[in-house]
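> Protein chains in written order, with this note's numbering: chain A, 1 to 245; chain B, 1 to 386; chain C, 1 to 771.
Hint data in this document are derived by calculation from the structure and do not stem from the laboratory.
Do not rely on the hints blindly, as some may be mistaken.
[Unchecked claim] Quick list of in silico lysine-lysine cross-link-like pairs, DSS-like style, CA-CA up to 30 Å:
{"hint": "1", "chain 1": "A", "residue 1": "Lys14", "chain 2": "C", "residue 2": "Lys244"}
{"hint": "2", "chain 1": "C", "residue 1": "Lys656", "chain 2": "A", "residue 2": "Lys2"}
{"hint": "3", "chain 1": "A", "residue 1": "Lys16", "chain 2": "C", "residue 2": "Lys160"}
{"hint": "4", "chain 1": "A", "residue 1": "Lys79", "chain 2": "C", "residue 2": "Lys160"}
{"hint": "5", "chain 1": "A", "residue 1": "Lys111", "chain 2": "C", "residue 2": "Lys679"}
{"hint": "6", "chain 1": "C", "residue 1": "Lys656", "chain 2": "A", "residue 2": "Lys14"}
{"hint": "7", "chain 1": "A", "residue 1": "Lys153", "chain 2": "C", "residue 2": "Lys160"}
{"hint": "8", "chain 1": "A", "residue 1": "Lys14", "chain 2": "C", "residue 2": "Lys649"}
{"hint": "9", "chain 1": "A", "residue 1": "Lys79", "chain 2": "A", "residue 2": "Lys2"}
{"hint": "10", "chain 1": "C", "residue 1": "Lys264", "chain 2": "A", "residue 2": "Lys2"}
{"hint": "11", "chain 1": "C", "residue 1": "Lys296", "chain 2": "C", "residue 2": "Lys244"}
{"hint": "12", "chain 1": "C", "residue 1": "Lys567", "chain 2": "A", "residue 2": "Lys27"}
{"hint": "13", "chain 1": "A", "residue 1": "Lys159", "chain 2": "C", "residue 2": "Lys244"}
{"hint": "14", "chain 1": "C", "residue 1": "Lys663", "chain 2": "A", "residue 2": "Lys153"}
{"hint": "15", "chain 1": "A", "residue 1": "Lys79", "chain 2": "C", "residue 2": "Lys649"}
{"hint": "16", "chain 1": "A", "residue 1": "Lys153", "chain 2": "C", "residue 2": "Lys748"}
Remember, it's a predicted structure, so these values are computed and weren't measured experimentally.
One-letter residues, chain by chain:
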Amino acid sequence: MKKVATPDYTVADKLKTHVAALSTAAKEVVLPLNITTHYPRERKRQPACFRGFMLFDPERCISCFQCSFVCPANAIWMKEAPSGRYYPTVDHGKCIYCHFCVDTCPGGALKTTKIHDIAFRTMDEMVVMTEDMVEPPAIIREDKVVVDYVIDKEDLTLKRTKEVDELIVEIAPSEGVPMVSVCVDRGSCIACKVCDKVCESGAVSSVKDEEKLIVKMEIDPEKCTGCGLCVKECSMQILRLVRRE
Amino acid sequence: MIDITGLVSTILNNQVNIPLLYVIYEFLLRIPVIGSIVTFLLSIIPVFDVPIIRLLIGFVLWKPMWVLLIIPGFATLGTMLLILPWLERKLVGRMQWRVGPREIAPRTRGSIQLLADSLRFLCQEVIIHKDAHRLYFLQFPFLYFLPVLLPLLFINAGAVDHPLVPIETPYALQIMVGLISLMPVFIMGAGWASNNRFAFIGTVREAFMYFAYEIPFIIVILAMIVLFKTSNTVGVVNAQGSYWGIVLNPLAALVFFIATVMATSRLPFEIPEADQELAFGPFIEYSGIAFGLAYVMAYEKMYVLSAIMTMLFLGGGSGPVIPYLGDLSYGIWFVIKTLIILLVMVNLRGVYPRYRLDQGLRIGWGAMLILALIALVWSIVIGVVL
Amino acid sequence: MENPNAHIDFLESGPLAPFKKWAAKWSLWPCHFITSCCGVELAHAFACGYDGERLGTLNLGIARQSNFIIIEGTITRKMARALQFVYGQMPDPKFVNVIGACGERGGIFWNSYNITHPSDIVPVDFFVPGCPITPEGLLRGVRALQDKIMGVDKTTIDFKKVELPFEEQLEERMIPTSPKLYAPTPEIKVDIKREVDWDFGKELEDKLKKELSGLYESVTITGVNRIAIKTTPGNLMVVAQKLKEMQFDHVKSVNVIQVPHERKFIVEYMAASYRVEELMPVLVTIFTEIGIKDPKLQSLMSVWESANYSERELHEFFGVLFDGNDWMGKKFLLAPDTPDLPLRKEFKIPEERYVFEKGVPPEHMVPIEPPKDLYLPIWEEFIEKAYDSDEIIVPIGPHHAGSGHLRVTFRVKGDRIVDAIPEPGFVHRSMEKLAENKLYIQNIPLFERLAINDPANMNLAYVRAVENALGIGVPERAQYLRTIMAELSRIEAFYYDSGIFSLFFGHTTGFMYCMAIREMIIEALMQISGSRSGPSFIVPGGLRRDIPDMVLELIDNMTFALKRRMKKFESIFVYNPVTVARAKGVGVLTKEDAIRCGMVGPFLRASGVNYDVRKIAPYDAYDKVDFEVTTGDDGDCLGRFLGRLAEIKESVKIVKQAVDAVKGIRGPILSDDILGEYKEAASDIKGNFFRVYGNLVLPKGEWTTITEAARGTTLFTLISDGESNVPYRVRVISPCWMNLRGFMEAVKGERYADFWAVYGSFGYFPPEADR
């Protein structure tokens with residue numbers, strides 16, 4: 001345990017501390033430890049992991065709804081594209097840039113950029129449609145210089161480089177563990193076809209069992225994307241996601 | 001009947017001596033076309049036997065008028081008002097590891113920032129809320145100009161034996177003290193007319209602080225009068241021929257400086273206007289140009305008090321004479337000295353937090369009063385000995 | 001809002017138009033209207049890191065002198081009144097920018113019962129997205145506004161529309177249902193007996209049974225250091241008194257749980273001790289059940305003063321009447337137009353939607369009527385009493401240069417504060433209600449927004465509660481990394497508070513120096529997590545991804561680099577004679593008072609109580625690092641301030657040790673217990689996040705954890721029914737909420753100007769207190 005005592009100033013202490021304060025101030029006027037980034041003429045370089053505006057790759061999307069489910073702010077709503085698939089739209093009037101969606105996306109369809117300085121005129125414009133998220137958007141850039149924070153054992157200093165920072169992060173999209181949906185108890189299947197209805201890749205089909213004259217559902221592992229929606233919706237809870245061998 | 005011809009000759013005989021102007025004039029004459037234009041301009045429309053332009057120039061260069069209008073009068077004051085808050089923001093910004101205003105004019109480091117601010121205040125709505133005393137609310141900021149600007153009439157910006165003063169009177173210092181003592185009354189009036197809780201508290205604080213600094217302030221000026229054996233501003237500067245007032249009586253200089261900081265409500269004595277506590281105290285309800293005036297007035301007051309300090313303690317405009325500048329060189333030295341005091345004063349904002357009201361009062365009534373009295377005794381001793 | 005562009009029209013009229021426009025462009029002075037946590041980033045935008053003053057934007061003056069409001073995040077119903085009034089008070093032409101998602105469509109609080117949309121209340125020029133925004137974003141908003149003044153009114157982003165891939169038309173598909181599962185008739189039990197290895201607990205149980213014989217219905221050990229005592233409403237008072245005699249001297253939390261289908265409320269008080277060392281980590285819950293109809297109970301305020309404000313709050317939330325608390329029937333945290341009894345289960349908040357439907361405007365529809373009057377929490381007798389005794393009433397805040405988003409009504413006699421009535425709730429964003437409607441994992445960012453300047457600790461506090469319930473461990477590397485993050489966050493929070501402290505004294509330089517130091521720490525946190533002040537990085541079982549060695553190197557360097565700037569700060573502000581004069585001997589809270597008011601954290605320690613959760617019940621790597629608890633005896637403003645500065649040094653020490661340790665530890669950063677079959681995600685959760693965390697279900701019962709956040713003990717009580725994948729009830733007791741009582745106690749009797757000294761010394765952060 002450490003005790004902290006509060007100082008009790010004598011007149012001499014007061015004079016000393018007055019002088020200390022004044023001399024520190026004077027020193028800073030002469031040789032300031034300035035750390036100002038002159039935004040918008042300069043821009044601070046953000047790390048590659050910076051969580052900013054998100055880009056979307058429709059090729060990789062398996063339409064699993066997980067980004068929408070995980071979004072704490074409910075900013076991601078799935079919108080039906082002309083092809084009938086559902087793709088995410090992001091409402092930047094709600095988005096908190098936690099990037100749970102980016103971490104969630106099993107196909108690696110969502111990726112981060114370093115774009116974060118945007119001002120919208122209306123709230124309606126803040127709902128960014130899927131079509132707008134595919135290509136990197138153009139933002140107003142006035143910066144000619146990039147500022148790096150250099151922290152060494154002495155101090156924080158700014159390193160200025162005359163270049164225009166690339167805001168689009170080039171990192172390989174990382175996919176989740178490949179999974180596939182299987183039925184663990186086909187005997188209990190009541191053929192409600194929910195799995196078929198919810199499946200977007202058309203992996204589920206109904207098979208007539210000729211012997212017992214009943215219909216059972218079958219999942220085609222080749223077509224299954226492992227989105228897990230059928231597992232979630234199955235009314236008998238007999239579907240499981242397992243690792244794709 | 002006024003003897004106008006006599007007045008004109010008085011004006012023309014009592015001109016500021018700036019050799020540089022003659023040099024420029026002669027140079028202009030030598031250039032072929034411009035020379036003849038200048039000669040022509042200086043000869044047209046004679047009034048009272050003197051060409052009008054010559055008369056106008058002569059009027060401005062008339063010593064008292066020059067002092068009142070140019071240095072250290074209104075022109076300097078105006079420049080200071082535009083430059084000083086900017087300098088303050090830049091220097092404090094520098095002290096705080098940042099930049100201060102800049103993007104408005106990046107090449108000149110944002111030096112016209114204050115122009116934008118004042119223009120914005122000028123074009124903004126002035127709100128007079130329904131509980132305010134309408135007439136007083138508006139008149140006090142304007143009346144405030146009176147005590148702030150009048151002391152300029154008595155400030156001597158000259159050096160020893162080269163007085164530069166609009167009005168020479170044996171009671172100059174007393175009049176200035178009187179005028180300065182008037183200033184808080186207008187602030188209190190403004191606060192009272194605002195009819196707002198915070199304005200009220202601010203007004204009360206202003207009144208308390210007024211007494212706390214005013215007495216040491218007067219005693220210190222008294223000390224200097226005793227020391228210089230005159231209260232004529234010309235005599236005051238003349239008396240500092242060998243030693244400046246700050247050398248003769250450093251204690252008085254210190255007390256005067258602290259009193260100035262208190263009087264202008266600068267940190268650490270920014271008690272009546274305490275931004276975080278009272279949100280500008282007496283000026284809380286002022287908006288638009290009325291607030292602009294109040295904002296600027298603090299700087300005017302600071303300028304006037306610093307000018308008095310320069311005159312009393314730093315030898316007025318004395319300094320190495322710059323060739324070709326003549327009387328202007330005294331003016332320049334005077335402004336430089338004043339500016340240094342002002343910069344020190346405004347930069348205290350970056351160094352000190354704010355005292356509490358009771359602590360401010362204790363400093364005023366305690367340490368400062370005692371120091372002021374010691375300064376007075378010291379002055380008497382020195383005055384008698386010398 | 002007749003004409004939303006009136007201010008621009010005004011600028012364009014008259015012969016002076018070009019000058020007016022130019023002057024307005026370069027002289028946008030925002031008024032001090034801090035509304036929520038984005039204010040922290042606003043501070044950075046105007047501090048030395050970015051210096052908004054370069055653009056001519058100067059934070060000076062209040063409504064009358066400014067021409068620009070930056071709405072910093074959430075506008076609650078209470079704040080909406082203030083916003084409307086402040087906007088009305090400002091001279092024309094005036095401009096409004098909204099920063100942060102909360103101020104736009106509500107952000108993470110979009111379905112809260114207490115928030116409004118600023119754009120419904122005032123005309124808004126620009127919206128800046130983010131939560132919190134970055135300083136660059138804020139300045140971009142200012143730039144956009146400058147352009148708008150000059151005549152270019154456009155959004156600063158241009159999207160490139162792309163044709164989406166068009167394959168064969170898929171058949172109509174079923175829309176998946178919500179991932180949330182609510183048990184229809186959950187079984188709520190707060191005293192589930194658990195077999196734990198806790199010898200002292202057995203002793204204590206016997207002792208309690210002996211002391212309280214005849215007064216209790218059951219005494220159960222519900223976990224390590226947790227004991228639950230069930231009693232009847234009639235006996236509650238006696239049990240409390242007995243416990244107080246046993247040195248349980250304060251209440252850490254008061255909680256009400258509604259069980260609608262059993263038509264009952266469970267009311268619980270969590271008592272703890274500051275005086276007896278072995279009792280310190282123990283939380284004794286006494287609870288009782290009362291009927292849902294006309295719920296009434298005797299207030300335990302007379303026994304435990306620290307229950308006072310919580311009882312007021314729960315009265316508003318649930319309608320439970322605590323007989324004896326003088327605030328029953330009055331509004332404390334909520335606004336007059338907030339729905340009544342919002343935390344009852346009958347009160348439903350809007351459901352989440354997952355599909356974008358054509359024709360449905362993408363707006364959340366909570367009907368919000370712009371309020372008309374300014375509600376003041378004072379009543380006739382109070383005013384009369386004040387006038388009778390020659391006092392004046394001074395209300396401070398929420399729009400005041402030095403109030404933050406808190407309103408305090410003073411009765412001032414001369415220069416002395418006779419009485420102070422706090423009115424919190426200007427940032428009450430109903431986290432407890434929202435948490436009941438979010439998945440466990442979705443609550444991480446939610447609770448992080450308790451204190452955006454102390455994010456990792458808040459994050460950790462919640463995650464620890466979940467981990468505790470699930471009984472999962474954390475890999476060693478992750479433990480150290482979490483400790484590093486928590487300590488960085490602690491330093492960050494303390495510097496924020498110091499900055500505000502110096503600002504309250506009018507010392508802008510101190511503020512700037514603090515923000516400069518914070519800028520360094522934020523850089524480190526950003527390198528770790530990618531976000532400036534909302535990392536959401538700590539997840540149950542570890543971290544979201546591993547931290548590269550380069551970043552550890554940076555943190556290591558930073559622990560040294562901090563020193564130089566800390567020294568400057570100390571010489572210019574901390575040991576400045578004026579600071580010492582202002583803070584010494586002011587706002588003294590004696591040890592007795594501090595314990596009585598249930599103070600927590602550094603503010604408790606400054607009053608001489610040696611209590612630190614990191615020592616008494618160590619978590620993460622705190623038992624493996626060497627550090628000291630700092631205490632003080634004075635209990636005044638200076639003591640509290642210096643105490644925290646001393647803690648910063650200890651924190652730096654911890655970070656150094658942890659960085660050294662973590663360099664030698666290689667391995668996973670996510671525990672196998674939580675990952676299940678997704679073992680590949682052990683060093684980066686990317687791609688498997690929802691699969692791993694989406695369907696967490698906590699075991700049945702009550703789970704309470706205490707964590708030492710920067711400003712003190714943060715208590716999370718999670719109540720799970722064992723079936724739903726959302727919490728049944730979450731009770732958050734944030735340090736500032738606990739400190740509010742002591743804060744008001746310390747203000748009384750001091751001078752008017754001392755309020756700011758006391759305020760700054762308590763580091764009171766309203767979003768954290770209001771929750």
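> Run every hint past the structure and note whether it holds.
A quick look at each hint next to the structure:
With a C-alpha separation of about 46 Å, the suggested pairing of Lys14(A) with Lys244(C) is violated against the 30 Å cut-off. Between Lys656(C) and Lys2(A), the direct Cα distance comes to roughly 19 Å. Compliance with the 30 Å bound is thereby established for this hinted pair. Between Lys16(A) and Lys160(C) the CA atoms are separated by roughly 63 Å; this puts the pair beyond 30 Å, and the hint is violated. At most 30 Å may separate the alpha-carbon atoms for a hinted pair to count; Lys79(A) and Lys160(C) meet this at roughly 18 Å.
Simply put, Lys111(A) and Lys679(C) have alpha-carbon atoms about 23 Å apart, close enough for the 30 Å limit, and the pair holds. A C-alpha spacing of about 35 Å is found between Lys656(C) and Lys14(A), which places the hinted pair above 30 Å, so the restraint is violated. For the given pair, Lys153(A) sits about 44 Å from Lys160(C) by alpha-carbon distance, which is inconsistent with the 30 Å threshold. Pair hint Lys14(A) plus Lys649(C) holds up; C-alpha atoms about 25 Å apart against a cutoff of 30 Å.
Using a Cα cut-off of 30 Å, the hinted pair Lys79(A) and Lys2(A) is violated, with the two alpha carbons roughly 59 Å apart. Restraint check: the Cα-Cα separation between Lys264(C) and Lys2(A) comes to about 48 Å, which exceeds 30 Å; the hinted pair is violated. Between Lys296(C) and Lys244(C), the direct Cα distance comes to roughly 22 Å. Compliance with the 30 Å bound is thereby established for this hinted pair. Of the pairs offered as hints, the one joining Lys567(C) and Lys27(A) holds, with about 13 Å between alpha carbons and a cut-off of 30 Å not exceeded.
Simply put, Lys159(A) and Lys244(C) have alpha-carbon atoms about 60 Å apart, too far for the 30 Å limit, and the pair is violated. Proximity of Lys663(C) to Lys153(A) is assessed by CA-CA distance (about 18 Å); at most 30 Å being required, the pair is judged to hold. A C-alpha spacing of about 52 Å is found between Lys79(A) and Lys649(C), which places the hinted pair above 30 Å, so the restraint is violated. Pair hint Lys153(A) plus Lys748(C) does not hold up; C-alpha atoms about 45 Å apart against a cutoff of 30 Å.
The structure does not agree with the numbered hints 1, 3, 6, 7, 9, 10, 13, 15 and 16 stated previously, though it agrees with the rest.
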